[in-house]
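*Asks:* This is what each chain is made of:
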Amino acid sequence: MARKLRPDAPRVVTANRLRDGVVVYRTAAGAWSPALDDAHVVASTEAEEGLLRACTADVADCLVVGLDVIEVQIDAHGAIAPISQREAIRAVGPSIALPQDRAFAPLAAPA
Amino acid sequence: MPLLETGRRVRDRWTHLSDTDAPPDEAAPVTVSLARLTAERDALLARPGDLGVRLPNAAAVADLVGLLDGDTNRLGLIVLTFPAFKDGRAYTQARQLRETHGYRGSLRATGDVLRDQFFFMARCGIDAVEVDLPESAAEAAWRSALDEVRSVYQPAADGRTPIDVLRRHTAPGREVAA
Amino acid sequence: MYQYDAHDQALVDQRVDQFRDQVARRLSGDLTEDQFKPLRLMNGLYLQLHAYMLRVAVPYGTLSGDQMRVLAHIARRYDRGYGHFTTRQNIQYNWIKLEEAPDILADMARVQMHAIQTSGNCIRNVTADPWAGVAPDEIEDPRVTAEILRQWSTLHPEFSFLPRKFKIAITGAPNDRAAVKVHDIGLRMHRDPDSGEAGYEVIVGGGLGRTPVIGKTIRRFLPKDHLLSYLEAIMRVYNAHGRRDNIYKARIKILVDALGIDAFRDQVEAEWQALKDGPLTVPAETYAAIRARFALPPYDEGLTGSVSTLRLDEAADPALARWIRANVAPHRVPGYGIVNVSLKAPGQIPGDATASQMERIADLADRYSLGEVRVTKDQNLVLPHVRLDDLPALWRALDAADLASPNVGLVSDIIACPGLDYCSLANARSIPLAQALSERFADMARAQDIGELHINISGCINACAHHHVGHIGILGVDQKGKELYQITLGGRSDDNATLGKVVGPAVPADRAVELIAGFVDTYLAIRHPGERFIDTVARTGTAPFKETLHAAA
Ligand code: SF4
Numbered sequence: 001m002a003r004k005l006r007p008d009a010p011r012v013v014t015a016n017r018l019r020d021g022v023v024v025y026r027t028a029a030g031a032w033s034p035a036l037d038d039a040h041v042v043a044s045t046e047a048e049e050g051l052l053r054a055c056t057a058d059v060a061d062c063l064v065v066g067l068d069v070i071e072v073q074i075d076a077h078g079a080i081a082p083i084s085q086r087e088a089i090r091a092v093g094p095s096i097a098l099p100q101d102r103a104f105a106p107l108a109a110p111a
Numbered sequence: 001m002p003l004l005e006t007g008r009r010v011r012d013r014w015t016h017l018s019d020t021d022a023p024p025d026e027a028a029p030v031t032v033s034l035a036r037l038t039a040e041r042d043a044l045l046a047r048p049g050d051l052g053v054r055l056p057n058a059a060a061v062a063d064l065v066g067l068l069d070g071d072t073n074r075l076g077l078i079v080l081t082f083p084a085f086k087d088g089r090a091y092t093q094a095r096q097l098r099e100t101h102g103y104r105g106s107l108r109a110t111g112d113v114l115r116d117q118f119f120f121m122a123r124c125g126i127d128a129v130e131v132d133l134p135e136s137a138a139e140a141a142w143r144s145a146l147d148e149v150r151s152v153y154q155p156a157a158d159g160r161t162p163i164d165v166l167r168r169h170t171a172p173g174r175e176v177a178a
Numbered sequence: 001m002y003q004y005d006a007h008d009q010a011l012v013d014q015r016v017d018q019f020r021d022q023v024a025r026r027l028s029g030d031l032t033e034d035q036f037k038p039l040r041l042m043n044g045l046y047l048q049l050h051a052y053m054l055r056v057a058v059p060y061g062t063l064s065g066d067q068m069r070v071l072a073h074i075a076r077r078y079d080r081g082y083g084h085f086t087t088r089q090n091i092q093y094n095w096i097k098l099e100e101a102p103d104i105l106a107d108m109a110r111v112q113m114h115a116i117q118t119s120g121n122c123i124r125n126v127t128a129d130p131w132a133g134v135a136p137d138e139i140e141d142p143r144v145t146a147e148i149l150r151q152w153s154t155l156h157p158e159f160s161f162l163p164r165k166f167k168i169a170i171t172g173a174p175n176d177r178a179a180v181k182v183h184d185i186g187l188r189m190h191r192d193p194d195s196g197e198a199g200y201e202v203i204v205g206g207g208l209g210r211t212p213v214i215g216k217t218i219r220r221f222l223p224k225d226h227l228l229s230y231l232e233a234i235m236r237v238y239n240a241h242g243r244r245d246n247i248y249k250a251r252i253k254i255l256v257d258a259l260g261i262d263a264f265r266d267q268v269e270a271e272w273q274a275l276k277d278g279p280l281t282v283p284a285e286t287y288a289a290i291r292a293r294f295a296l297p298p299y300d301e302g303l304t305g306s307v308s309t310l311r312l313d314e315a316a317d318p319a320l321a322r323w324i325r326a327n328v329a330p331h332r333v334p335g336y337g338i339v340n341v342s343l344k345a346p347g348q349i350p351g352d353a354t355a356s357q358m359e360r361i362a363d364l365a366d367r368y369s370l371g372e373v374r375v376t377k378d379q380n381l382v383l384p385h386v387r388l389d390d391l392p393a394l395w396r397a398l399d400a401a402d403l404a405s406p407n408v409g410l411v412s413d414i415i416a417c418p419g420l421d422y423c424s425l426a427n428a429r430s431i432p433l434a435q436a437l438s439e440r441f442a443d444m445a446r447a448q449d450i451g452e453l454h455i456n457i458s459g460c461i462n463a464c465a466h467h468h469v470g471h472i473g474i475l476g477v478d479q480k481g482k483e484l485y486q487i488t489l490g491g492r493s494d495d496n497a498t499l500g501k502v503v504g505p506a507v508p509a510d511r512a513v514e515l516i517a518g519f520v521d522t523y524l525a526i527r528h529p530g531e532r533f534i535d536t537v538a539r540t541g542t543a544p545f546k547e548t549l550h551a552a553a
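Sequences listed follow chains A, B and C, in order. In case it helps, full-length UniProt numbering puts the first sequence at residues 1 to 111. In case it helps, full-length UniProt numbering puts the second sequence at residues 1 to 178. In case it helps, full-length UniProt numbering puts the third sequence at residues 1 to 553.
Derived by calculation from the structure, the hints in this document are not laboratory data. Fair warning: there could be bad hints in the mix.
List of simulated lysine to aspartate or glutamate pairs, EDC-like, C-alpha gap at most 16 Å [as the list claims (entries may be wrong)]:
# : chain 1 : residue 1 : chain 2 : residue 2
1 : C       : K37       : A       : D20
2 : C       : K37       : B       : D116
3 : A       : K4        : A       : E46
4 : B       : K86       : C       : D245
5 : C       : K276      : B       : E99
6 : B       : K86       : C       : E33
Sample of chain C residues at the chain B side, in silico, Cβ under 7 Å [unchecked claim]:
#  : residue
7  : H7
8  : Q18
9  : T154
10 : P157
11 : E158
12 : A274
13 : P279
Simulated restraints on C-beta separations [said to hold, decoys possible]:
#  : chain 1 : residue 1 : chain 2 : residue 2 : range
14 : C       : A106      : B       : D25       : 55 to 61 Å
15 : A       : A47       : C       : P544      : 57 to 63 Å
16 : C       : K276      : B       : L45       : 31 to 37 Å
17 : C       : D313      : A       : P34       : 54 to 60 Å
18 : B       : L45       : C       : D257      : 36 to 42 Å
19 : C       : I526      : A       : S95       : 35 to 41 Å
20 : C       : T540      : A       : P34       : 52 to 58 Å
21 : A       : S95       : C       : R446      : 25 to 31 Å
22 : C       : D300      : B       : R150      : 40 to 46 Å
23 : A       : K4        : B       : G70       : 53 to 59 Å
24 : B       : R150      : A       : Q100      : 43 to 49 Å
For every residue, glycine included, the Cβ atom is placed at its ideal position computed from N, Cα and C.
Produce the complete structure using the sequences and hints provided.
*Replies:* Listed below in structure tokens is the structure:
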């Protein structure tokens, strides 16, 4: 998945939290957040390597799995959005309305 | 690397020769590669010391059996290899050796051998494993791996009675909880 | 349905404890992800796009009402209130927490269910004809064989680390409703022409995915007692010689193709000589004992009639009549019908059911179908034993739960994999296209006029939705970041299994909807009386449809 990015492309580190699988992003404070907007954006290969190195302890400590680097873009208001559709869906959830569990009227007694 | 035989740590009494090493002495138990066994078959079989072979997992068991004139028990040890735990070819080799060719010597697993595959290995007739085992506590964990699942459906090389056979020998209404 | 005995139950319980320990060791760091991954996969647990996904085995697609209620409970307690029935007759949950997975398996074990071998490079859960035991054309109930295979393959010591996954399907009737020619091994029950004895035709090396292949017959007639020894011989040749250097060439179909079916058969025969008549022999008493554990349903005697001769009062209740015509099939017992429950209401996500819908189905199964439900490879459900005089009441109850779409086997009964909305392997989304198509064809009267037509949509070349054998097949592709769909025509998975042919270049989703609408119009214009879509394509080839392509361009 980790494709070669342009050397100066903005990017963030993502993973899944081990215990519940939730998609998380690496923050500047060295924590993990489910919100992409909390992610620490870096824009060079060296910074990416540094960021990944900082994350490896959390992999070893079983906090997260499946480290990946993804390319993002930042709009005028500072909001972060992934470039690929896959990562966009991963960030915000399925593109479809999820089934809503609603109760039905009880079955009528058999005739 | 430490060796577990039927789940207990033992000293390896075998010398594993490269293709050029001479055996330490005539009586020493040695293993050789399949290539060396093929090349020096007569001399190796004529030695008084026990002989073992290291079998690559791509080798055909039938070829080894042919080399031994059908008698696998001329060997005291066959070393099987798991280059990665996901590569399961040696399970087939183990069962062919035990069940098709009546091999009674030791079958040893080497390579990427993990606790959670030990159950499958034992069922296929592997009785010894070379594992990276730092603490003695882990030894008990390896032995317990064989008891996690006690009910089995298949006949295999470990002599466990498959469920179907248990059923056929249990009167209805007197089912045995495993 | 099959009732566990104490042995079956013990194994499943032991397996739950074992997995609980494995999860604890993973969470504490004793196991690395690399070491843990095959262990969780063998318990059906994937890490998908958004979370863990749990795939629960529904062996040969048969469920009791109580089991269905537990599936609903899992959806509500551990997931987001719904589940997805798959083309492998399983159910998947999309929002599972690793730390809760052992509790889920324990809840399932209480109703004789498990997730064993729903993933991983092992023998997967065996699929069978969803009408097993009730279809009039059946030779023998294939579920007895499927259960014997389930037991044999469960934690198989030799075949748990195969080169690749391995899928077996069985049909008990001459009309293949289990797609046996596109499985690694397909079994077709038939009778030996000379002795009249029932046995199996064994088909090997079929499959879809990147390299779609129609399986070849390796043995015309295998007597039933040799079932396991012969299959063990096939598996052994595959385990020893299947490719492990390239994941795309690791399925048995590639090995069979490389050796040629005759050389492959010779190797299997050689291996079989060592196994035949040994401990793997399945005695008739084992078949009988397993059959006896399928407490067969107590039908009401003295009923008459069949759905095919049922007089429908169109004027009084046209919707009910339409539903019966589309969704109810003949049962082998007089006075009963097989009710297909569509999970494909227009705009619905194919195969998804909410917890309340599952509970409703469970209640209706208990009330009207002798407590039994089936899951089909077309992502629908079946209530297999319904008295014909219960049909109106059942229909009303289904309708109140959005479960009475009269479209089974029709154009809007679209088969779609989860695609990029859930699946980490996907190239494109499948569900939105399925929704758009089912809305386009929402007119049920018109759908019945169009007749039988299977549309299958896969989000990538892994072909989970079997697009190669869809009458209209759709494959999602990613071309330089653009989500496009490649369309095939003329595929089928029945006795005359055929792979569809590509028509035109890949197109965006909205254009795919227009093209398919055009293909259907073309069919309506050129069909002969009584000719199904697939028959027309077989007669004319794709040429007239390609004209649609240009006309619509
Ligand atoms: S076909 Fe591809 S996208 Fe669809 S479920 Fe299978 S692997 Fe995922």
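*Asks:* Confirm or reject each hint.
*Replies:* Hint check results:
no.	hint	result
1	K37/C to D20/A	15 Å, holds
2	K37/C to D116/B	12 Å, holds
3	K4/A to E46/A	13 Å, holds
4	K86/B to D245/C	12 Å, holds
5	K276/C to E99/B	13 Å, holds
6	K86/B to E33/C	14 Å, holds
7	H7	4 Å, holds
8	Q18	4 Å, holds
9	T154	6 Å, holds
10	P157	3 Å, holds
11	E158	4 Å, holds
12	A274	4 Å, holds
13	P279	4 Å, holds
14	A106/C to D25/B: 55 to 61 Å	58 Å, holds
15	A47/A to P544/C: 57 to 63 Å	58 Å, holds
16	K276/C to L45/B: 31 to 37 Å	32 Å, holds
17	D313/C to P34/A: 54 to 60 Å	56 Å, holds
18	L45/B to D257/C: 36 to 42 Å	41 Å, holds
19	I526/C to S95/A: 35 to 41 Å	37 Å, holds
20	T540/C to P34/A: 52 to 58 Å	54 Å, holds
21	S95/A to R446/C: 25 to 31 Å	28 Å, holds
22	D300/C to R150/B: 40 to 46 Å	43 Å, holds
23	K4/A to G70/B: 53 to 59 Å	56 Å, holds
24	R150/B to Q100/A: 43 to 49 Å	44 Å, holds
Of the hints listed earlier, there is not a single one the structure fails to meet.
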